[in-house]
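> As a plain string of letters, each chain reads:
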Amino acid sequence: MNYRLRSLYHLGGYLSATCLVLICGLITLQILGRLGDILATAVGAGRIGLTIPGLAQICGFLLVGATFFGLAYTFIHHAHIRVTLLIGQLPPRYRVFVEVACLSVALALCLYLAFYLYQLLADSVAYGETSYGLLSIPLWLPQSAMLAGVVLFCLALAETWWQTLAIAVRRPGSFIPGDTDQT
Amino acid sequence: MLILTLTLFVTLLVLLGSGVWVAFSLLGLGWVALSQFTSIPTGDVMASDLWGASYSWELTALPMFIWMGEILFRSRLANDMFTGLSPWMQRIPGRLLHTNVVGCGLFAAVSGSSAATCATMGRMTLPELTRRGYDEQLVIGTLAGSATLGLLIPPSIILIVYGVATDQSIARLFMAGILPGVLLSGLFAAYLMVWAWRYPEKIPAAEAALPWRERLRHSRRLIPLLALILGVIGSIYAGLASPTEAAAVGVVLSLLLARVQGSMDRHVFHDALMGAVRTSCMIAFILAGASVLTAAMGFTGLPSDLAAWIGTLGLSPVMLLAALTVLFILLGCFLDGISVVVLTTSILLPMVETAGIDLIWFGIYLVIVVEMSQITPPIGFNLFVLQGMTGRNILSIARAALPFFFLMMLGVVLIGLFPAIVTFLPSAMGNR
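Protein sequences, first through last, are from chains A and B.
Count the first sequence with our numbering and you get residues 2 to 184, in order.
Count the second sequence with our numbering and you get residues 16 to 447, in order.
Hints are supplied without guarantee of correctness; some may be wrong.
[Unchecked claim] From the structure, some residues in chain A lie toward chain B, with a derived Cβ separation under 7 Å:
no. : residue
1   : A57
2   : L64
3   : V65
4   : T75
5   : R83
6   : L86
7   : L87
8   : V106
9   : A107
[Stated by the list, open to error] Pulled from the structure, derived: some chain A residues nowhere near chain B, Cβ distances all over 10 Å:
no. : residue
10  : R7
11  : G47
12  : L51
13  : G129
14  : V152
15  : A167
Simulated from the structure, these hints should not be mistaken for laboratory data.
Idealized CB from N, CA, C, for every residue including glycine.
Using the sequences and the accompanying hints, generate a full structural model.
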């Protein structure tokens, strides 16, 4: 597939990777701080007390970014798993129609989710909801990341749907399934 | 209830069978259940559930362990392991075939996936062992079987998935997996010894034994791996770190290890990180879909009805487990392990709880059965990996792995007879 918005999906992938690096970095800092405290008390000095307040929450929200920003990127690399056991047996000119059907189901669900995630986000903004715990992080922040990721996924699905449909209508015999492996 | 069950079952079959992505199949099934069989505002429930399932401290361990595996897969660890282990295996009946079992067992202790374990060890042992004249069929079978330990021995991606989906402590699940993992490795090794004793002509002669000093010098290369295992699993067991913290430290240590070995540069770092993004997005999205499905199922009341129905049959836990084992093996022929686990937790869990089965024990049992499905055709990830590496027909690889399928079955029976194999370590951890 030739994706027009390929660089946008890749941007999503890199944002997702950034979230993973941040999670790893923050947790490591926290642990180094803890080790530093142990060492400092051992040599008789006071605790340095380097702790990151609300670390678990921050990481949880970064995880939302890591998961959702990367959805479209994962999709265009055929890494979302599916059962191709049956449809893999079909000749291309029939397979292409099944492919359109699958993409239609996925796109419909994705758009549906995007719509209701927008509602959820609008509610969080309207009521000014924040997370519990030490840090009151406004929920709209991670929730908009989630919505952005799902919208990006919708775009990738729509682009694939449109191109596959075009092949199905014009010359179904020339369809080449993207993921020929069995995953 | 009959109409509900039938509709949902057929919907699931059609969605999965026609090739709709697993996560969307789960979401679609959840939508059908909620919108057709309850009067609950479907979209709102789905959105808030998707949100609720996506941020969690426990789940954060998942991408970290995946990332760690991706780094180690690209390092020279397997190479070091083979060099370090092989001098010690020359005198045991079965000789270097044991490097597959022990190597996979050790690599499983730093990797959470069986396909990664299979690919990493296989890249090293397949060419080395066949070059030395070991029976290729047996080398492939041993590798396919032992690599499944990647799922059972902590860290384990699939145990994180199970723990998050059932709200069980991941640290305890990890500890519960250790002894069964050792048990299975023992069974595999014993099988190899018996085989070598029965067919001595098929095992090449031992190479000249190295003096002890040489052996120890070779084994020095195992130290980084052992340190990594001790650092990650040891800190969880000792209660120094939660699984998520241990995973992040594991990533940093693996990066350092690969850096010291000289197998890390910008490209490798990039590839490992982006590989981790793809795998963890895929799994986390399936988990989010599964949590929507679980909530939907809860609203329809199907799982509890199913549990009550099974209750009226008066099955003993043993008979229930036997029936479930058959079901899971069948499912595992067509679905991957994670899908089997999330479908089980969203539909069958109340049934298991009603039967009075311990959920930690059930998690380990489920993982071993899923392991078995990794080496059964037509869908078995280890088979695909080995097919890619050897170019052999998938059925011939499956036949090579068949003895190990039965050994795992024996393992399931053993943990059924002696549940303490599973429950001893987690209960020894105390109430953390």
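> A separate judgement is required for each hint: does it hold in the structure or not?
Evaluation of the provided hints:
no.: 1; hint: A57; verdict: holds (4 Å)
no.: 2; hint: L64; verdict: holds (5 Å)
no.: 3; hint: V65; verdict: holds (5 Å)
no.: 4; hint: T75; verdict: holds (4 Å)
no.: 5; hint: R83; verdict: holds (5 Å)
no.: 6; hint: L86; verdict: holds (6 Å)
no.: 7; hint: L87; verdict: holds (5 Å)
no.: 8; hint: V106; verdict: holds (5 Å)
no.: 9; hint: A107; verdict: holds (5 Å)
no.: 10; hint: R7; verdict: holds (14 Å)
no.: 11; hint: G47; verdict: holds (22 Å)
no.: 12; hint: L51; verdict: holds (15 Å)
no.: 13; hint: G129; verdict: holds (17 Å)
no.: 14; hint: V152; verdict: holds (13 Å)
no.: 15; hint: A167; verdict: holds (20 Å)
No hint from the list above goes unmet by this structure.
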